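Same order as they appear, the protein sequences are chains A and B.
According to my numbering, the stretch in the first sequence is residues 1 to 297, in order.
According to my numbering, the stretch in the second sequence is residues 1 to 434, in order.
I should point out that these hints are in silico values taken from the structure, not numbers from a laboratory.
Source: prediction; values computed, not measured.
Glycine residues also receive a C-beta, built at the ideal position from the N, C-alpha and C atoms.
Hints should not be assumed to be uniformly reliable.
Unchecked claim - In the DSS-like style, the derived pairs of lysine-lysine whose C-alpha atoms are separated by at most 27 Å in a straight line are:
| hint | chain 1 | residue 1 | chain 2 | residue 2 |
| --- | --- | --- | --- | --- |
| 1 | A | 257 | B | 179 |
| 2 | A | 44 | B | 430 |
| 3 | A | 143 | B | 274 |
| 4 | B | 291 | B | 86 |
| 5 | A | 44 | A | 257 |
| 6 | B | 186 | B | 168 |
| 7 | B | 191 | B | 271 |
| 8 | B | 430 | A | 58 |
| 9 | A | 143 | B | 191 |
| 10 | B | 291 | B | 271 |
| 11 | B | 186 | B | 169 |
| 12 | B | 186 | B | 274 |
| 13 | B | 169 | B | 179 |
| 14 | B | 122 | B | 179 |
| 15 | A | 44 | B | 86 |
| 16 | A | 58 | A | 257 |
| 17 | A | 257 | B | 86 |
| 18 | A | 204 | A | 104 |
| 19 | B | 169 | B | 338 |
| 20 | A | 143 | B | 255 |
| 21 | B | 338 | B | 86 |
| 22 | B | 291 | B | 274 |
| 23 | A | 102 | A | 204 |
| 24 | B | 271 | A | 143 |
| 25 | B | 169 | B | 255 |
| 26 | A | 257 | B | 338 |
| 27 | B | 168 | B | 191 |
| 28 | B | 179 | A | 44 |
| 29 | B | 255 | B | 274 |
What the hints assert, rightly or not - Residues from chain B that face chain A, not an exhaustive set, calculated with beta carbons under 7 Å:
| hint | residue |
| --- | --- |
| 30 | 93 |
| 31 | 120 |
| 32 | 121 |
| 33 | 402 |
| 34 | 406 |
| 35 | 424 |
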Amino acid sequence: MNTDRTKQFIGFLVIPSFVLLAAVVFYPFLYNVALAFGNMNLNKIRDWQFIGFRQFIKIFTEPSQPDFYAVFGKTIIWTVVNVAFHVILGVFLALLLNQKIKGKAIYRTLLILPWAIPQYIVALTWRGMFNYEYGSINLILTKFLGMPAVEWLRSPTEAFIACIITNVWLGFPFMMVVALGALQSIPHELYEAAEIDGASWWHKLRTITLPLIRPVMIPAITLGIVWTFNNLNIVWLVSNGGEPSDRTHILVSFVYKAAFNFYSFSYAAALSLVIFLLLLTFSMVFMKQSKATEGAY
Amino acid sequence: MNRIIYLHIKELWLHTESRFKLVAVVVLLGWSVLVLAMVGCGRKPDDPRRIVIWHQMRPDEQVILHRQLAGYMAAHPGIKIEELFKETEMLRSAYVVGALAGQGPDLVYGPSDPVGVYEATKSIRPLEDLFSQEYLSAFDSTALLRYRGHLYQIADKIGNHLALVYNKKYIQKPPTTDKELINLSKAIQAKYGYVAGRPNVYGITWNYTEPFFFIPFYTGFGGWVFGEDGVTPTLDNKSMVDALNFIRQLRDDDKIVPNEADYEIADALFKDGKAAMLINGDWSWAGYAQKGIDIGVAPLPRISATGLWCAPMTSPKGYSMNVNVDKEKIPLLLDLLKYLLSEECELETAKALNTAPTRRSLYRHPEILSNEILQNSLIQITHGKPMPVVPQMRAVWDAMRPSYQAVMGGARTPEQAARDMQAQALRKIKEMNE
Numbered sequence: 001m002n003t004d005r006t007k008q009f010i011g012f013l014v015i016p017s018f019v020l021l022a023a024v025v026f027y028p029f030l031y032n033v034a035l036a037f038g039n040m041n042l043n044k045i046r047d048w049q050f051i052g053f054r055q056f057i058k059i060f061t062e063p064s065q066p067d068f069y070a071v072f073g074k075t076i077i078w079t080v081v082n083v084a085f086h087v088i089l090g091v092f093l094a095l096l097l098n099q100k101i102k103g104k105a106i107y108r109t110l111l112i113l114p115w116a117i118p119q120y121i122v123a124l125t126w127r128g129m130f131n132y133e134y135g136s137i138n139l140i141l142t143k144f145l146g147m148p149a150v151e152w153l154r155s156p157t158e159a160f161i162a163c164i165i166t167n168v169w170l171g172f173p174f175m176m177v178v179a180l181g182a183l184q185s186i187p188h189e190l191y192e193a194a195e196i197d198g199a200s201w202w203h204k205l206r207t208i209t210l211p212l213i214r215p216v217m218i219p220a221i222t223l224g225i226v227w228t229f230n231n232l233n234i235v236w237l238v239s240n241g242g243e244p245s246d247r248t249h250i251l252v253s254f255v256y257k258a259a260f261n262f263y264s265f266s267y268a269a270a271l272s273l274v275i276f277l278l279l280l281t282f283s284m285v286f287m288k289q290s291k292a293t294e295g296a297y
Numbered sequence: 001m002n003r004i005i006y007l008h009i010k011e012l013w014l015h016t017e018s019r020f021k022l023v024a025v026v027v028l029l030g031w032s033v034l035v036l037a038m039v040g041c042g043r044k045p046d047d048p049r050r051i052v053i054w055h056q057m058r059p060d061e062q063v064i065l066h067r068q069l070a071g072y073m074a075a076h077p078g079i080k081i082e083e084l085f086k087e088t089e090m091l092r093s094a095y096v097v098g099a100l101a102g103q104g105p106d107l108v109y110g111p112s113d114p115v116g117v118y119e120a121t122k123s124i125r126p127l128e129d130l131f132s133q134e135y136l137s138a139f140d141s142t143a144l145l146r147y148r149g150h151l152y153q154i155a156d157k158i159g160n161h162l163a164l165v166y167n168k169k170y171i172q173k174p175p176t177t178d179k180e181l182i183n184l185s186k187a188i189q190a191k192y193g194y195v196a197g198r199p200n201v202y203g204i205t206w207n208y209t210e211p212f213f214f215i216p217f218y219t220g221f222g223g224w225v226f227g228e229d230g231v232t233p234t235l236d237n238k239s240m241v242d243a244l245n246f247i248r249q250l251r252d253d254d255k256i257v258p259n260e261a262d263y264e265i266a267d268a269l270f271k272d273g274k275a276a277m278l279i280n281g282d283w284s285w286a287g288y289a290q291k292g293i294d295i296g297v298a299p300l301p302r303i304s305a306t307g308l309w310c311a312p313m314t315s316p317k318g319y320s321m322n323v324n325v326d327k328e329k330i331p332l333l334l335d336l337l338k339y340l341l342s343e344e345c346e347l348e349t350a351k352a353l354n355t356a357p358t359r360r361s362l363y364r365h366p367e368i369l370s371n372e373i374l375q376n377s378l379i380q381i382t383h384g385k386p387m388p389v390v391p392q393m394r395a396v397w398d399a400m401r402p403s404y405q406a407v408m409g410g411a412r413t414p415e416q417a418a419r420d421m422q423a424q425a426l427r428k429i430k431e432m433n434e
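Use the sequences and the hints to build the structure in full.
Put into structure tokens, the structure is as follows:
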């Protein structure tokens, strides 16, 4: 078969995927970019015009309620704290489950449960649990631990912590499953050789386990960061749309509110483009710095 | 042309290795899926016998609607009506986005306040040319929502308003003033005792995260959300400060309301008998009766300091028509609307849900006149104020919510909150118009 025909054949094979991607990824993305340079809002929803970089200038220079930089800072805290807990808890539990323990299948199932429950249910259940007077969290704190009740949903900091607690609970099983898969792929001979050499548990963890699960964990962490950064459901539902006083927003809930509560579609599109560029830059730098694409062996 | 393509593919096939043939089969299947998907996703010609309604009705309202639609379909073989529930905010957003894309349901049902947004986005069509004056004259004037010179919604319920709901197990005679309310609440709490400093039965509760539930207090102290022009917010004034101070006092000094209550908590407290009174809307009352609670409904009390009744916002709830509906389909939709807005359907709804009907003839109906809850609800409606339908109302809600919550959380003084509300509302309205 000559080269031209081969190219035609390959093109023929690729077209369905390309068309689907164009319809569900490229077109919405390009439309979002176009909107970001426009002025679409409630009053100009059908006859919006291009206005250049004005929406971006507004994001970075004009005061907003809540403040863009405060929300951005909160988003960083939200992402770092969540992913740190996801990874630490996930790897810790994976290490435990990788041991020879009785009833391992039951523990594994129980630990994956948070992941199996729909996020909406989890968020609303936790919101109920954080109620000041009747929520189980405060009942445990006051009745069993002798601590004062916390105003989880009434104070901005506590409400934000409540969102983080919920998302930590929801997110660690993913990292645990990924880490467990990576742990099970490590050849046992490596540990046997290390034991013969007299290596301690810590030494084996540091020199065998962690380096060998790194190629799997780095992409998982990158994914985790992107997902957490963009996790609208938990913040929106646990804090009931940014309560109290719009002080629990992260960038993505801020975008949602701008688009669907205020109909500031172009402002929201510009903000979502900023989020996209932030995450794209981060992912590229992180993957490069962590040498995630390099093999472990 | 087809022959050439066939030969081309045949030649490729004969010269291709078997593993690639497998891949090709899979990809051809992909092509088939793609073609089918494109056919499926394209806008189908509107089936003139299929009607789609989106609504935000609560479960007990849905039961009635479902029954009425089933009756209509049984009487009109071949017509298929699909109803879809969406939560109020989601209904508004999804409807606007759908209508902008030339899609969406044929009819959208809900309270009147999004009509301003629907009009601004040109997503609903005027109705005045579809109904005769004679037909429209049978409705209470508040049921016919006119905005910017056009009729955009016809309601089957008036009200959608808050009132004082009380549990007759604790209260025989509901309070008529704020002082009576406070004294009665304290007496109930004293009677049923406290555990760990918390009353076994709270005097009263309501959702105090949403400013909609705060409006009766604001109006009770003489305030209103807009000035005389109907679009300029009026939130920074003595009425606002007094109203915020009043509800803070109920919680922090009188201690007759829970420390924290959103809609679900307030609702659960009342259902569990842990609150003697509740401020909630007409949509919820039937549910309490179904739970076996012997409820009474009374107008919200008068504020002694001003002599004014606490006036909730009232709004009609009804049907609007999608701007994208084909002309040929309109007669079918009109027939359905006339059925849903008929005396029979409205009476059935009013009896089952204790909601105020919109057909004037029903106000003299014996079953309406003998319904104590409904009669008190109608009194409450007369005390109420119509909810503005202008899009600026969204800016007011969004400006009020954070500051209101900040006051309840102790993070802002009422004076500061009033100033912030006003500044935010003005800023958001400016942004909306930019």
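Each hint, compared with the structure:
| no. | hint | in the structure |
| --- | --- | --- |
| 1 | A:257 to B:179 | violated (39 Å) |
| 2 | A:44 to B:430 | holds (13 Å) |
| 3 | A:143 to B:274 | holds (20 Å) |
| 4 | B:291 to B:86 | holds (24 Å) |
| 5 | A:44 to A:257 | holds (18 Å) |
| 6 | B:186 to B:168 | holds (16 Å) |
| 7 | B:191 to B:271 | holds (19 Å) |
| 8 | B:430 to A:58 | holds (14 Å) |
| 9 | A:143 to B:191 | holds (25 Å) |
| 10 | B:291 to B:271 | holds (7 Å) |
| 11 | B:186 to B:169 | holds (16 Å) |
| 12 | B:186 to B:274 | holds (14 Å) |
| 13 | B:169 to B:179 | holds (21 Å) |
| 14 | B:122 to B:179 | violated (47 Å) |
| 15 | A:44 to B:86 | holds (25 Å) |
| 16 | A:58 to A:257 | holds (16 Å) |
| 17 | A:257 to B:86 | holds (18 Å) |
| 18 | A:204 to A:104 | holds (22 Å) |
| 19 | B:169 to B:338 | violated (41 Å) |
| 20 | A:143 to B:255 | holds (22 Å) |
| 21 | B:338 to B:86 | holds (23 Å) |
| 22 | B:291 to B:274 | holds (14 Å) |
| 23 | A:102 to A:204 | holds (23 Å) |
| 24 | B:271 to A:143 | holds (25 Å) |
| 25 | B:169 to B:255 | holds (21 Å) |
| 26 | A:257 to B:338 | violated (37 Å) |
| 27 | B:168 to B:191 | holds (15 Å) |
| 28 | B:179 to A:44 | violated (49 Å) |
| 29 | B:255 to B:274 | holds (14 Å) |
| 30 | 93 | holds (4 Å) |
| 31 | 120 | holds (5 Å) |
| 32 | 121 | holds (5 Å) |
| 33 | 402 | holds (4 Å) |
| 34 | 406 | holds (4 Å) |
| 35 | 424 | holds (6 Å) |
Checked against the numbered hints given earlier, this structure breaks hints 1, 14, 19, 26 and 28; the rest are met.
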